[in-house]
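Enquirer: Here the protein sequences come in this chain order: P and Z. For the record, in the first sequence the residue sitting at position 369 is 369 according to the numbering used here, with numbers rising by one throughout. For the record, in the second sequence the residue sitting at position 21 is 21 according to the numbering used here, with numbers rising by one throughout.
It should be emphasised that the hints constitute simulated quantities derived from the structure, not laboratory data. Even for Gly, the Cβ is constructed at its ideal location relative to N, Cα and C. Heads up, some of the hints might be wrong.
Stated by the list, open to error - Derived Cβ-Cβ restraints for the label pairs, each shown as a range: (1) P:Trp588 / Z:His34: 31 to 37 angstroms; (2) Z:Gln54 / P:Gly240: 30 to 36 angstroms; (3) Z:Asp48 / P:Leu603: 43 to 49 angstroms; (4) Z:Glu110 / P:Ile188: 19 to 25 angstroms; (5) Z:Met127 / P:Lys184: 33 to 39 angstroms; (6) Z:Asp69 / P:Leu603: 40 to 46 angstroms; (7) P:Ile188 / Z:Gln103: 15 to 21 angstroms; (8) Z:Ala16 / P:Leu331: 34 to 40 angstroms; (9) P:Ile336 / Z:Gln54: 49 to 55 angstroms; (10) P:Lys184 / Z:Asp69: 47 to 53 angstroms; (11) Z:Gly102 / P:Arg41: 52 to 58 angstroms.
As the list claims (entries may be wrong) - To give an idea of the chain P side of the interface with chain Z (calculated C-beta under 7 angstroms), a few residues: (12) Tyr181; (13) Thr191; (14) Leu471; (15) Val475.
As the list claims (entries may be wrong) - On the chain Z side, residues computed to face chain P include the following (Cβ under 7 angstroms): (16) Gln40; (17) Ile73; (18) Val75; (19) Thr76; (20) Ala78.
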Amino acid sequence: MNTFWIVVLGAIYIYLVYNYYARRIDRDIIQSDPKRATPARMYMDGVDFMPTSRNVLYGYHFKSIAAAGPIVGPITAANIWGWLPSLLWLAIGVSFIGWVSDYTAIMVAVRNDGNSLSAISHRLISPRTRTILFVFIFFYLLLVAGAFMGIMAALMAARPDVPFGIIMLGVMGFLGGQMLYRWKMDLIVVTVIIVGVTILAMILGPFGATWNAEKGAWNWVGPINGATVAFNKAIDSITGGQPVMQVVDPTNADPRIPAPGPDGKRPKTALYDPETGLINTMPSYLFWALFLLVFSYLSAILPIWRFAQPVNYIGFWVTFLTIGISAIGALLAPFIKPQVGQFALEPVKTLGFALDPAKPWQPLWPMLFVTIACGAISGWHALVGSVGTARQLEYETDGLPVGGGAMFGENALALLALTAVSIPGSGGGGGRFAAGVGSLLSVLFGDDFRPFGTALGFGVFIVIVLTVTQLIFRVMRVTLSEWVGEAFPALKNMHVSTIVSMVLTMLLVLSGTWVYLWQLFGAANQLMAALSLLIVSVWLKSIKRNPAFALWPMLFMYITTMAATLVTARNLLVTIVPKGGSIAVGGWAMIAIAILLFITALLIGWDGYQAYQRYARGEAKPSAAAAD
Amino acid sequence: MSVPLEVEVIAYAPTAYYHCNHCEFAWNGIGVTHSAHREQLESSLPGDLLQQYQQLMQWIQELLRRYCDQVVIRVTDAASVQGVWKSLRYRARRYPAVIINGQVCSSGQEALTLASLEVEKRLSSLMGERR
């Protein structure tokens, strides 16, 4: 298999499903009518409700649904199960569930005066589904912050060539704010200094390191990376070089896991044992996690101009220049380095059904279906579609090309990510991204530049994640003080609310590998998808139309999500909780979230079943707007 | 119908960060969007620059009140890609920098006062030509 056939296959099934299945549902079941007034035309206020060209709306909807999900999900899944199961789920998922969810969420909102899904569920199903949505959103934020923080800390601890660039980013951030806004120095000069020094610091990380071909690893003996290694060792000596905890990453995406050697086996290192698959969490990992928290703390409490703004300013330029130059490398690569990779990853690595009582369990069903959410089916899209897109739809007949079309577009993006992960390379999303930047820059600057380009790639990856995370904490502190500040006045203090947010996040980070966080996030997301399809099924029943095309996918997603939360809870119970101490506390916190998701799914299912039965028996009448 | 005078201002402007639409929808869902962005805007510039920006806004309002559609005004944040590009292009080194019809008119502390005079002069001469 190679990239060409993936493109051909994707184009064929997207064409067939869109033209011969989606259009039929749109015409026969939903019966979209260009003459029926949409909420955008009825309630046009120039703010929320605004008739918009379907071409513009397609771009808006696509940008709203496609974030990191369609990239991280397929990469993670391909690393666990191989590329074939991931490809099949992407193709089947989008064909029978994904577009159905996105498109119908928009149409149900259009037929209900542009109301959000929570408002519709409040009316069609029961009042408590709205509360469940709020719970979902809170944990979503917490899980995102935890997952991001975990992967950054692992990267900083595992790559001695990376931390210096990030430290200099912070230093230049402070200096940049002072020079621009206090000393009012020349903008161009300041930009050249702060961006130039940061890029230089990122590139110089691996300077002086030598490649050990026998071990297939770097000897970190350079001035910067050598000093970082010595510093990490000094920190690790606090525990006598012993790990504070051990975790397992079944995706092999953790940056502490070394790349396979020429024999295809991963070497044993101080942080990783290939026999047991255990990853050692050393005190230096905790140090870098704390460093990132302090970085984010400063961003959360200082005036924006003092730190967060200049850091973002530098971050933008560093990312912009790196991606721009890499793109030039990509354009020139076919002429200078025409080697195009064939798929190196196995089609099927494992189905994962064999259960070892003491080890994490990653059975293909249900875990694949929460690991790949965006790209196949995602509940988040339904939320976005009902609140935003549905209020801008000019004609009902635009619903399918915008809602369904954008979902197929995101599926194509996920296929690209799957293609990228399946050609030679190593590591998780961050590692592969960095290796890609290194390769592309080597096209322009020669093979000797590859390690420096890779270090820059790692730096850019952390910059992208860190600039988002630091602002999530800023929002979390505002949220906490507003939500519970009246009940707990101490939380109105910005330092207290920031620290509480960070402690909660740190508990999740310490509980294990980020893959559990990602899968819990996926489960929360897919619970939303099941809820969205449930609302659509009940709505279709209420207006006497055949709900089968939404009902069966809903049942599949509902049962799968519930099973996945149980498997994740079980994995945490057997791998994290036995470690004891604060690690166990974090593990229990995640188990509590998993159980909470399970209970909310039960409640939603029960309420939905009762509502469906009421409409089936004709005991409840559909609203006029819904029936139109 | 005459072509309006194009007035561009490069200045440090308050900043609020909007995340990807996923996050914005999440924050909107739990009702913190406005407070989170307001908090950022209020702390995005030191006091003196914030005051300078408020003066700029008042100046723009006054300009629009006096000349209506005879002027078109654009403000660019200096600390942005566009701001850096325009600063290089117009060789503006102090802010606010006022550019009228593609030519730097004034920059620095007295920029707005000088720009008001320039706008008045140019519009008067245009009116004279028309008469």
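Enquirer: State for each hint whether it applies.
Expert: Each hint, compared with the structure:
Range check, tryptophan 588 of chain P to histidine 34 of chain Z: Cβ separation about 35 angstroms, and the 31 to 37 angstroms hint holds. As the Cβ distance of glutamine 54 of chain Z to glycine 240 of chain P is approximately 59 angstroms, the hint placing it in 30 to 36 angstroms is violated. Range check, aspartate 48 of chain Z to leucine 603 of chain P: about 54 angstroms between beta-carbon atoms, so the 43 to 49 angstroms window is missed. Taking the beta carbon of each, glutamate 110 of chain Z and isoleucine 188 of chain P are about 22 angstroms apart, inside 19 to 25 angstroms as hinted.
At about 38 angstroms, the CB distance of methionine 127 of chain Z to lysine 184 of chain P agrees with the hint of 33 to 39 angstroms. Take aspartate 69 of chain Z and leucine 603 of chain P: their Cβ atoms lie about 58 angstroms apart, and the range 40 to 46 angstroms is violated. Checked against the given bound of 15 to 21 angstroms, the beta carbons of isoleucine 188 of chain P and glutamine 103 of chain Z, roughly 19 angstroms apart, stay inside it. Hint check: alanine 16 of chain Z to leucine 331 of chain P, Cβ distance near 36 angstroms, so the stated range 34 to 40 angstroms holds.
Hint check: isoleucine 336 of chain P to glutamine 54 of chain Z, Cβ distance near 54 angstroms, so the stated range 49 to 55 angstroms holds. In this structure the hint that lysine 184 of chain P and aspartate 69 of chain Z lie 47 to 53 angstroms apart at CB is violated, the actual value being about 34 angstroms. For glycine 102 of chain Z and arginine 41 of chain P, the Cβ-Cβ distance of about 41 angstroms falls outside the hinted range of 52 to 58 angstroms, so the restraint is violated. About 5 angstroms separates the beta-carbon of tyrosine 181 of chain P from the nearest beta-carbon of chain Z, less than 7 angstroms, and the hint is met.
With a cut of 7 angstroms, the hint placing threonine 191 of chain P at the interface with chain Z holds, because the nearest CB-to-CB distance is about 6 angstroms. With 7 angstroms as the threshold, the beta carbon of leucine 471 of chain P comes within range of chain Z, its nearest partner Cβ sitting at about 5 angstroms, so the hint holds. Because the closest C-beta pair between valine 475 of chain P and chain Z is about 5 angstroms apart, less than 7 angstroms, the hint holds. Evaluation of the glutamine 40 of chain Z hint against chain P yields a held restraint, the C-beta minimum of about 5 angstroms falling below 7 angstroms.
With its C-beta approaching chain P no nearer than about 21 angstroms, isoleucine 73 of chain Z sits outside the 7 angstroms limit, and its interface hint is violated. Annotation: valine 75 of chain Z was flagged as interfacial toward chain P, and the flag is violated, the nearest CB pair being 15 angstroms apart, outside 7 angstroms. A cut of 7 angstroms between beta carbons decides the hint on threonine 76 of chain Z: the least distance to chain P is about 12 angstroms, and the hint is violated. Hint on alanine 78 of chain Z holds. Least Cβ distance to chain P is approximately 6 angstroms, under the 7 angstroms limit.
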